[in-house]
Every structure is written in C-alpha cells, then in structure tokens.
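Visitor: Listed below, chain by chain, are the residues.
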Amino acid sequence: MLSRKQQTVIIAVSFLAIPLTLLAIFTYYPIIRGVVLSFSEYNMFTKKATWIGFKNYVEIFQNKYFYEALRNIFKYLIVVPFIQFVAILTAVLVNQDLPGIKFFRTLFYVPVITGAVIVSMTWRWIYNVDGLLNSFLMTVGLIKEPILWLTDQRFALYSAMFVTFWRGIGYYMVIYLAGLQNIPSELYEAAKLDGANDRQLFTKITLPLLRPTMLFCFTISSLAALKVFEEIFLMTQGGSGTTTMMYLIYDYAFVRFKFGLSTATSVVFAGILIIFTIINFRFFGHRGEKR
Amino acid sequence: MIKKKTIKIILSYTILIILAIFFTFPFIWVLSTSFKGPGENLFSWPPKFIPQHPTLENYIAVFKRVPMLRYFINTIIITTLGVIFQVILSSLAAYPLARLEWKGKDLIFKFILLPLLIPMEGALIVNFITILRIGLYDSYLAVVLPSAVSIFGIFLMRQHYLSVPSELEDAARIDGCNEFQVFWKITFPLVRPATAALAIFAFTAYWNSLLWPLIVLRTPSKYPIQVGLSQLSSTFEPNFRTASAAMIVAMIPILTFFYFTQRYFIEGYKGAIIE
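Read top to bottom, the protein sequences are chains A and B.
If you count by the working numbering, then the first sequence holds residues 1 to 291, one letter each, in order.
If you count by the working numbering, then the second sequence holds residues 1 to 275, one letter each, in order.
Note that these hints are calculated values from the structure, not bench results.
Please read these numbers as outputs of a predicted model, since none were measured by experiment.
It is possible that some hints are incorrect.
What the hints assert, rightly or not - The list that follows gives simulated cross-link-like pairs (lysine-lysine, DSS-like), each with its CA atoms no further than 27 angstroms apart:
1. K48/A x K192/A
2. K3/B x K105/B
3. K3/B x K110/B
4. K204/A x K8/B
5. K270/B x K227/A
6. K4/B x K102/A
7. K103/B x K5/B
8. K103/B x K204/A
9. K5/B x K192/A
10. K227/A x K75/A
11. K192/A x K110/B
12. K270/B x K185/B
13. K192/A x K4/B
14. K102/A x K110/B
15. K204/A x K55/A
16. K64/A x K258/A
17. K75/A x K64/A
18. K48/B x K192/A
19. K5/B x K5/A
20. K110/B x K144/A
21. K102/A x K270/B
22. K55/A x K227/A
23. K204/A x K3/B
24. K105/B x K204/A
25. K5/A x K270/B
26. K227/A x K192/A
27. K192/A x K204/A
28. K3/B x K5/A
29. K105/B x K5/B
30. K227/A x K64/A
31. K47/A x K258/A
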C-alpha cells in the first residue's frame, strides 16, 4: 500500500507528464542543443553535425551585417517611449465612461488584431513611390520628388519603425487599460473628497499606481524592439540597411541553411538580451529605491 | 463647472476621432480600393474613398485565383488544434502546482518558468531539425506541437486555481471523486474566465502566426491564411485591387472574433497583471 504522500506525488506526476515531456523536447532541449550546434557545422542532407570549435563565432564577428543588425536593433529602441507614451494617453482616454467608448477601443485594437502580414502589405503601398504618403506630401508641397521610403538607406529603418509604432499602441493600450481598471475607485473618491483636482488625481494616484504596469510594458516593449523581425521580413527583406538580429538569424538558417552560424548568432544575441535585461532592471530598480 | 465638463468631453471626442482616423485610415483605404474598377487612380490625394464605379470583380478574382477557402480551413485546423492543446495542457500542468501538496512542487514550478528568462531565439532551428527528425515536417501537427504547452498559460491557470476555495474540492473528494474527477468537475469549471482568456490569446497568436508555419510547411495547400497572403503578395503586387480584396476577406473573421470577445482581452490582462 502506498502512503498518502506517495499517492499525491504519483497524481501530480500524471498531471504533469505530458506537458513536461513536450516542454523538455521543444523548450529545454533546444537551449542545450542550440549551444552545441553553434560550435558545429550542420549538414542538411546527412543530418549530421561536425564540431568545428569557435569558427562560427569568428565568422559572425567578421560579417559587417552583424554590426549593422546590432546598430539597428538599438536604434529600434527609440520606438519604445513613443509607443508607451501614446498607449498610456490612449488608455486613459478610453477608460472614461463615455457613450461609444467600446467602439473606439475596438477601432484602436484593429491594427494589433489584423496581424503583421496585412499591416505590412498595406504600409508597403502607402510607402510606395507613387503611394499615398508621397502623393500627400507632394500635394501639400513638402517634397518635390517622391521619397523611396523603404529602399532609401536614410529612411527605410525609420519607415519600418513607424509601422511598429502604429501597430504596437493598441496592444499596450489594452494592458494599460487593465492596469487602470485595477486601481480601486475608492482611492479617487477619497481624494476628490479631500478636494483634489483632475491633474492631482492623475499625478498622485494614477501614475504611481500604474508604475508596475509601466515597468512591465517598457520591459516587454524594449525586448520586442530588440527582437523585431516581422516588419523587416515583410517590408524590406533586410535590405536597404535594415537588417536586424532576428532577421540575420532567420536568413542564416532558412535562406542560406547555415544552421551552425545561425545558432551561434542566436547565442550571441541571447547574451546581448540578457545583459540588456540586467542593466534595465538595475536602472529601474535604482529609480524605484529613490522614491 | 458644467462648462468645464462639456469642454472636457468635446476635447476627449476630438482626440478619440483623430486617433480613430490614424488607426483605421489605411484599412478604409484598402476597403475602398477593393471595390474600385481598373480605370480608377488609387493613390490620388486627397484619397477618394467612394469608388466611382463600384465593382465586386476583385472579390470574384480573389476566390478564382487564390485558394482562400483552403487557407481558411487550414487556419481553422491549426488554430483549433493549438487552442485545444494549450488550454488542456496548461490546465492540467497548473493543477498539481496549485491544488496539491507535494514535495518538489515549488522547484518544478520555478523550473517551468525558467525559459521565460532565457531568450529562446535559437530554438527555432533546433525545433526545425527535431520536426524533420520525427517526420512531422509539412504537417499541421508540426505547426502546433512546439508551442502546445504555454508557460504563460500554466502561470495564468495556476494563479486562478489558487483562488478556488478548497472546501469544494474536499467535498467532492469525500463524495468519492478521484483527483482527476475533482479537477475536471470542480476546479476546471470554476476558472472558466481564465480559460476563456487563455483560449483567446492562443487563438489570436495561432491565427496570426507567420514565421513558424512558413518554416515547417512546404505544400502551399497546407498554408494558413497569413502564410498564403505573404507568399501571394509578391505575385499580386502590381494588382492592388485584387490584393486589397484578399486582405479584406482575410481580415473579416479575426475582426468579428475580436468584436465578440474583446472584454476577455482586458479581463485576461487584469488577471495577469495583479501578480
């Protein structure tokens, strides 16, 4: 006869068996295997990996596109404060109890829900040589010659960044909205009784209580910016100086079929992301202590 | 006092409308383009949103030239499989982590959360090789299996299980239910809002997923709608009208879905943020 404790363990294991097996195969194993593969050359036909030491890593750092990608992903971080600022404003705006507010919430979320493919196709046409943007700017008289938004080195990355900004706002708006609705309304009522005005309510109650949500959103938004892929893949294919780390990893693996080189790049990239996250937390943690 | 309030409302609506235009004008433009005939200038400024000669030709062309229906069926198969896997496996895994007392519980939970801290970019390639090895390449299962267990899902379900009062479960145990029956008949139904939120997040993620299905599917007749569209865009590029119609057709289901489920989005995030 099994003891009560042993029975519970058996039950727990039977609940966890399938999920943990799948996690082991598709989540834990790739972490280890990815690192091993980064020191190897993988042959697609024989399905064999040959150990080649640090050769892949040396090759990465000799490639000029690696540095371009590195520059671009950090440039891409510029979108984060813009997205967050507009998202917070929008969330506060749609958190009001006004007729038709649900309709507006839905509209603002449309770019998020439609998915990257349709959004990118649409913006590619807007950015076209004879697209809406050029035709608008020329009618208004701001420019004389059409601008090649997605193929001119000077503009391509920023054009992609704008699309990220445009389709990111709604996503964070919903998270901020949830954060705003988690703030107990009693706090506002009490403050109003004490004679606080709207601005005081916002700066003394809303902003401080929204801080954890903001921290969360800034973190995931910066990580998303560093990992940007879809906009680049769908609009410029990494051309005109718009390569990013994720695009490089994709390109090595599934265009050139150099799996070793690709995993080595992703190991380096993972390192960059970990360092970034640690610095990020130090910075925010420090600011938190001061308060 | 009243005047100040009126100004505030007018100001709010003004900003709301400006934002609404900002977020939707590209789609409105696509919608109007999809009804335009061949002779009309698409890119004129100011844009003409009402077609001069409205036509359904573009929509007919889409269904003639693109296997839209096939893409939709594929998307529905992949999305359904993915949602079922994620909901059931996350619910199962979270149960002993929240409702049972056993040694090693906290350790296992931490172990499950660990990958959230490690950037998983390399997994793409290793999982691709794994899929090739186990012979699932070019199958629907290949699309959903690597993401069948959602760590976020386990986390979300566990948080909600924790709030279920244990008296109900104990009563069921006294009535002779085994642990699985307790889970299935008592605990699982009690956290329905969380399950709904998880299902909806999974639904949108699978519906809009692009890169992974693109990598593991080879046969175009197995493509989901996103992959199908992205592949067609190059062939279609010169023909904005037909492509617009294809995009509108592709947008309708997900927009309808969102319209009816939007409250769960906010509720889902509310539940996740508290922690």
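Visitor: Now tell me, hint by hint, if it's right for this structure.
Guide: A quick look at each hint next to the structure:
| no. | hint | verdict |
| --- | --- | --- |
| 1 | K48/A x K192/A | violated (70 angstroms) |
| 2 | K3/B x K105/B | violated (60 angstroms) |
| 3 | K3/B x K110/B | violated (56 angstroms) |
| 4 | K204/A x K8/B | holds (20 angstroms) |
| 5 | K270/B x K227/A | holds (26 angstroms) |
| 6 | K4/B x K102/A | holds (24 angstroms) |
| 7 | K103/B x K5/B | violated (59 angstroms) |
| 8 | K103/B x K204/A | violated (45 angstroms) |
| 9 | K5/B x K192/A | holds (15 angstroms) |
| 10 | K227/A x K75/A | holds (12 angstroms) |
| 11 | K192/A x K110/B | violated (43 angstroms) |
| 12 | K270/B x K185/B | holds (26 angstroms) |
| 13 | K192/A x K4/B | holds (16 angstroms) |
| 14 | K102/A x K110/B | violated (38 angstroms) |
| 15 | K204/A x K55/A | violated (56 angstroms) |
| 16 | K64/A x K258/A | holds (17 angstroms) |
| 17 | K75/A x K64/A | holds (17 angstroms) |
| 18 | K48/B x K192/A | violated (49 angstroms) |
| 19 | K5/B x K5/A | violated (64 angstroms) |
| 20 | K110/B x K144/A | violated (60 angstroms) |
| 21 | K102/A x K270/B | holds (17 angstroms) |
| 22 | K55/A x K227/A | holds (25 angstroms) |
| 23 | K204/A x K3/B | holds (25 angstroms) |
| 24 | K105/B x K204/A | violated (41 angstroms) |
| 25 | K5/A x K270/B | violated (36 angstroms) |
| 26 | K227/A x K192/A | violated (44 angstroms) |
| 27 | K192/A x K204/A | holds (12 angstroms) |
| 28 | K3/B x K5/A | violated (69 angstroms) |
| 29 | K105/B x K5/B | violated (54 angstroms) |
| 30 | K227/A x K64/A | holds (19 angstroms) |
| 31 | K47/A x K258/A | holds (12 angstroms) |
Of the hints listed earlier, those the structure fails to meet are numbers 1, 2, 3, 7, 8, 11, 14, 15, 18, 19, 20, 24, 25, 26, 28 and 29, in rising order.
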